[in-house]
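Protein chains: 2
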Amino acid sequence: MSGSVAIVGLGPGDGSLVTPAAQAALDRATDLIGYIPYVARVPERAGLTRHPSDNRVEVDRARHALMLAAEGRHVAVVSGGDPGVFAMAAAVFEAVEQGDPAWRRLAITVEPGITAMLAAAARLGAPMGGDFCALSLSDNLKPWDVVTARLEAVLRADLVVALYNPISSARPWQLGAALGLALEIRAPETPVAFARAVTRPDETLRVMTLAQAREAPADMATLVIIGASGTRLIPRGPGERPFLYTPRSVPAGR
Amino acid sequence: MSGSVAIVGLGPGDGSLVTPAAQAALDRATDLIGYIPYVARVPERAGLTRHPSDNRVEVDRARHALMLAAEGRHVAVVSGGDPGVFAMAAAVFEAVEQGDPAWRRLAITVEPGITAMLAAAARLGAPMGGDFCALSLSDNLKPWDVVTARLEAVLRADLVVALYNPISSARPWQLGAALGLALEIRAPETPVAFARAVTRPDETLRVMTLAQAREAPADMATLVIIGASGTRLIPRGPGERPFLYTPRSVPAGR
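Protein chains in written order, with numbering that gives the first Met the number 0: chain Y, 0 to 253; chain P, 0 to 253.
Everything labelled a hint here was simulated from the structure, so no lab data went into it. Glycine included, C-beta positions come from ideal geometry on N, C-alpha and C. Some clues are possibly wrong.
Claimed, not checked - One side only, chain Y facing chain P, incomplete, derived with CB under 7 Å:
1. Leu16
2. Thr18
3. Ala88
4. Glu96
5. Asp99
6. Pro100
7. Arg103
8. Ala118
9. Ala120
10. Ala125
11. Cys132
12. Lys141
13. Tyr163
14. Arg235
15. Tyr244
16. Pro246
Bound conformation, chain Y alone (with noise of 0.2 Å):
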């Protein structure tokens, strides 16, 4: 059993921010396998097959991706941003685990990408600059009361809040209900900033109050970042974005 499976990391999409690593990951596959905007980020060469596929099937695509393995092929399974991220590189695992025992024996690799929390903090300033941490907020895998129990741990534990996947046509309210759950512990001035689509052409940032948010527009391609209470603004010039970021210190008492 000579195949392996590759799971790639594209970053948030723009060229640039794939890691040379990554790259060559690519560059050896036989076979690309992801949902369809991210296999269309990679060029169609001679050698590689493209397994586009639509969304929410990412076991049987891991299953797709393992069984063209033991079978002898070179497959890259891509995800944006980071694939360990509420991405591709758990789906594989759980194939794995519950499959054909020989897959235990492929060559499986990840090849980490630039996470859409980091990409988005870096075009912002620095909001993750303290303790944070990341929350997926669908509950298509997991009860929504967790979902809310952990958001209220992290929130009353003042961590800055990561979350993906805020929003769908088939989850349009939950985001609402996590940003007013914020406003219950935090103070409604608290930044809040929603980043859409970070350094692809259509890319949107926007920071406002805790406050403000409940209001403000979000699709799938949105991350949405909570601050702490140490997070804050650096006024600019006019027509420049602030600065958003938390300092690395916590005061005595907070």
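Dock chain P against chain Y, hints included.
Relative to the frame of chain Y, chain P by itself:
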């Protein structure tokens, strides 16, 4: 004022994990500022003045960068990993906020990098596959009771926990205390990873149980990942390290 500051993430160590955007920022720089081992990662070249500095002088280093940029220089401030994660980005914005108002008009950009927890996760499997957090265990910049309150909150909320800055010669007991707290809340068989110098020649990856972790050696180059209740190992063949991963799903009632 035509100078600039680029705060650049060098990733975990291997050159193949430096993004092309980070490399371009290094190539444009006239001056290079950072902690000695990070400056040493960037080759010398004509036209580049290197200003290596010792550890724990982050704000002095940041002010130096801003002063040079105010003189028209193009400064790259380098961090290992991602500069927005317990690294130089927040220090630069602290210096901007407290310093010469003219510094706010400088071109200040952040080039993200592969942060240690995601580099380690990629080597191990997909341990950050569910909700997770990143905490600095250092009490140099925040009171120890804040560290432990945050740690307790995220342990109870069943997040995967990445501990940055777990130990140093000046902070020899904090990691043991943190793991002791984890043992009060999580099962003794919870998987824990100690990932040291990931992707560098002296890389070591150790996966053990939480009960074993209290006796395991660690140093400043170690990143500690404490698994959640769902985190588990997939055994492989003799002599092969098991895959470590956290499933995406959380069952109801957990």
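Exercise for the section: Hints the structure violates: just list their numbers, smallest first. Expected result: As far as the earlier hints go, 5, 6 and 13 are violated by this structure, in ascending order.
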